[in-house]
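*Asks:* As a plain string of letters, each chain reads:
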Amino acid sequence: MDRRRTSRSDSTTGVRRAARRIACALAVCCALLAAAARADTAEYTLANGMRVIVKPDRRAPVAVMLLWYRVGSIDESSGATGLAHVVEHMMFKGTPSVPNGEYARIVSATGARFNAFTSQDYTAYYQALHKSKLPLALELEADRMTNLLLAPEEFSKEIKVVMEERRWRSDDQPRALVYEQLMATALRTHPYRNPIIGWMSDLENMGIEDVRDFYRRWYAPNNALLVVVGDVAPQEVFELAQRQFGGIEPRVLPPRKPQEEPPQLGIVRLNVKAPAELPYVLMGYRVPVLRDPEHDREPYALEMLAGVLDGHDAARLPSTLVRGERVATGADASYDSVSRGPGMFYLSATPTPGRTAVEVERALRRELGKIAEEGVTEDELKRVKAQVIAAQVFQRDSMFFQARQIGGLEIAGISHRTIDLQLRRLQEVTAREIQEVARKYFTDDGLTVGYLDPQPLTAKRPSAPPAGVRHAR
Amino acid sequence: MRGDRFVVFAAAALSLAVALPARAILPIQHWQTAGGTRVYFVENRDLPMLDVSVEFPAGASLDPRDKSGLASMTQGMLKRGADGISEEEIARRLADAGARLSGRFDSDRAGLALRTLSSRAERDAALEVLARVLQRPDFPQAVLEREKVRLTGALKEADTRPESIASVRFYRMVYGDHPYALRLSGEVETIAGLTREDLVEFHRRHYTARAAVIAMVGDVSRKDAEAIAERLVGRLPPGAADEAALPQVRQPVRGETAVIAHPATQSHILIGGPGIKRDDPDYFPLFVGNYVLGGGGLVSRISVEVREKRGLAYSAYSYFTPLKYPGPFVIGMQTKRDQAGEALKVVRDTLREFIAEGPTAKELEDAKASIVGGFPLRIDSNRKIHEHLALIGFYRLSLTYLEEFMKNVERVTIADVRSAFARRIDPDRLATVIVGADEGEIKAAAQ
Chain A
1 MDRRRTSRSD STTGVRRAAR RIACALAVCC ALLAAAARAD TAEYTLANGM RVIVKPDRRA
61 PVAVMLLWYR VGSIDESSGA TGLAHVVEHM MFKGTPSVPN GEYARIVSAT GARFNAFTSQ
121 DYTAYYQALH KSKLPLALEL EADRMTNLLL APEEFSKEIK VVMEERRWRS DDQPRALVYE
181 QLMATALRTH PYRNPIIGWM SDLENMGIED VRDFYRRWYA PNNALLVVVG DVAPQEVFEL
241 AQRQFGGIEP RVLPPRKPQE EPPQLGIVRL NVKAPAELPY VLMGYRVPVL RDPEHDREPY
301 ALEMLAGVLD GHDAARLPST LVRGERVATG ADASYDSVSR GPGMFYLSAT PTPGRTAVEV
361 ERALRRELGK IAEEGVTEDE LKRVKAQVIA AQVFQRDSMF FQARQIGGLE IAGISHRTID
421 LQLRRLQEVT AREIQEVARK YFTDDGLTVG YLDPQPLTAK RPSAPPAGVR HAR
Chain B
1 MRGDRFVVFA AAALSLAVAL PARAILPIQH WQTAGGTRVY FVENRDLPML DVSVEFPAGA
61 SLDPRDKSGL ASMTQGMLKR GADGISEEEI ARRLADAGAR LSGRFDSDRA GLALRTLSSR
121 AERDAALEVL ARVLQRPDFP QAVLEREKVR LTGALKEADT RPESIASVRF YRMVYGDHPY
181 ALRLSGEVET IAGLTREDLV EFHRRHYTAR AAVIAMVGDV SRKDAEAIAE RLVGRLPPGA
241 ADEAALPQVR QPVRGETAVI AHPATQSHIL IGGPGIKRDD PDYFPLFVGN YVLGGGGLVS
301 RISVEVREKR GLAYSAYSYF TPLKYPGPFV IGMQTKRDQA GEALKVVRDT LREFIAEGPT
361 AKELEDAKAS IVGGFPLRID SNRKIHEHLA LIGFYRLSLT YLEEFMKNVE RVTIADVRSA
421 FARRIDPDRL ATVIVGADEG EIKAAAQ
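Residue numbers (my numbering), protein chains in the order written: chain A, 1 to 473; chain B, 1 to 447.
Since the hints were made in silico from the structure, they are not lab data.
Just so we're clear, the structure is a prediction, and the values are computed from it rather than from any experiment.
Ideal placement from N, C-alpha and C gives every residue a C-beta, glycine not left out.
The hints are all genuine.
For each label pair, taking beta carbons as the anchor points, the in silico distance ranges come out as: (1) Asn408(B) x Gln259(A): 51 to 61 Å; (2) Asp338(B) x Thr458(A): 18 to 28 Å; (3) Thr458(A) x Gly103(B): 27 to 37 Å; (4) Glu256(B) x Ala184(A): 39 to 49 Å; (5) Glu236(A) x Arg45(B): 20 to 30 Å; (6) Gln251(B) x Glu236(A): 52 to 62 Å; (7) Thr321(B) x Asn147(A): 34 to 44 Å.
Here chain A stands alone, though its shape is the one from the complex:
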């Protein structure tokens, strides 16, 4: 599951979906299941640099539209965290021709589902709708790409909504806090160390002009990617896109600096005290991500390794830690090879009542050690590859998944046309390669370990720092 995404819950089913997302944010599915789809897409680039990718899927008279902007929390700076996500919220707050509230009203009345999400790497706007409504969807997107009002009175209300979102999503979620603190600890310089939703202090001190600057800087056709999957003809979508977005001037985008994270020089540990019953352990190892789908080997091996550990119910962690040894009530491994920034391989577990965080950490590390020393069996590898093959078929049942996969890759700088190549590469991974990446990366020096230290509900919360400590804006 994607740990790196936050989202409004705008659509009709948003509330329950959001609740589920929270539930899975810690569950962590096998990331390799995120590979799939056929490369029968058509692609077009407008003169202003905006890219359009269309994938026909004619099973129902429906289209899924995702408009991606290549801007996320990775593009924020210290003291201004949360801006990408706040802009996403403000995108629903009106333009001169579509006043505040009207976007939601117009789109809802077409029967479309809509939503938007902000990740570390991107901000994406989503509509699923009857295919006949696609022109309207694109018209509205083109309008808010350049004409956003960003009225101060709307901002002052919406920033409160975002703070509520932060309380709900992070401050009152002990495990989300562990993740937030782990990232802020594991990384010293890279912006991934900051939460997507932003630090509360930054939200409190954000002004409308910060939002306006950010919007002006990044919302441009040459920083956008339109992906449409559904019962549509590519040529017609290209023409629609040309009509709606073709007249928008490109902008000079700010330079993107690599912000390389310096090497980690030893194990890092942290504790998070929060109201809870059971402890919880989250471990992150620094690992590479996919940059060159043709020649890279390690990211594929890491994907398969995550699968061997936790890709299915018979995988090592559920089988050994949860059912066999019973040291944990749940244990997960996750790795996402697609990312603009540095990669992290996560392991997490909840101790069985009566067992300790130290014991589950030891058990998790022992499992990694076993793979580093003894490797994996051919049976295990075959089983994970069977998951990849099946997932590739199952995922075609969801138009949203297909659109998200295409866009997610492109945003990370990887052509969606390499999807089949990636699937082949996954099938080529050998037991030896898995053992090698385990040996190379699962060392103490690249490890950060976070413990949730459960506190009784009656305990006092840590008091907020005095206001004077906050930075003036």
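Dock chain B against chain A, hints included.
*Replies:* Just chain B, lined up with the frame of chain A:
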């Protein structure tokens, strides 16, 4: 020709907004197995995969009060060993086939769902596992003990979470003595007392051929589908023809408010009462009306008043959960604890005004347009079609339920909505739960 059937369905859905086609939108095939199990099938050859579920009226509402959690544990233990095959072997066989086994469990329903490739070898291996776990679960003692420990941990954890604390108390207040009041998974104390014999007996009584419902979508022929159905339930005991009836749900006599202390930064608020049955005569006025009230996302009144106008919450909503007996009507939100009283007042005023005046003509028109216009999205994947089949099957809805659904939505008038809400939702008799509010807010809420 492969795919023809599905193309028909797609084309039909397209014309829906204009005129309902004579032909079914979803070409559902329906029959009974030799043992009396109802089967609902949509053949769809677009993707080489199959979704199949088997469900029983064996949900949490059948739990005896002192054995709350029995139904859930029985369902959860099905795949933990069957016909002499261990849980590890079951997990390996499913993984080797690339198949996914998932469960459904709620107050009414319990069952398993399988998603598999339709290629012969994978499909057969996966279905073989499903057939075994449904019909010959072993409920191994040692595994049961382990699962009890796991569940106990999860429940104790849940009891620290404000949303979970609110929900548990809410159901107790709304349903009192009715089984819908019980937590689906049971309580720490009742789980401790569950025995292997309890599970064996529950399975024998409630996982029966005549009670089972099979829903199937995907890349198999009718003939194969028939054979699959027989294989999945052919060895179940026949069971009684009628399901056990539950007591009627009683409307609370007066509104009650519970305030529960919690250190969270936000107050979690739930308001509601018993709502509607699956076959409720007021289903459509309440469903469409609720879209306007709090079901329509950002455009709903509750969301506009609480979030858009005042910035009091990230999510504020209302919904009905239709069940066999009246399921709950729920209004929910989370807000910074020092503004819980204000948010509560806003949402109560919004509800009262809506009940008194109903939706405006424009609101009702938009709600209908949204529901009807969004119809194709309800059945645009095998997964969603499968969900509908399982629902239609379990609650014995008409095979043309989806077509009728849209007509019924279109028919709803402002007067219908007002009348239904006035009769069914009395703001003075709703339960209110507030977890994690400050002193002053507690007083405000009590007023």
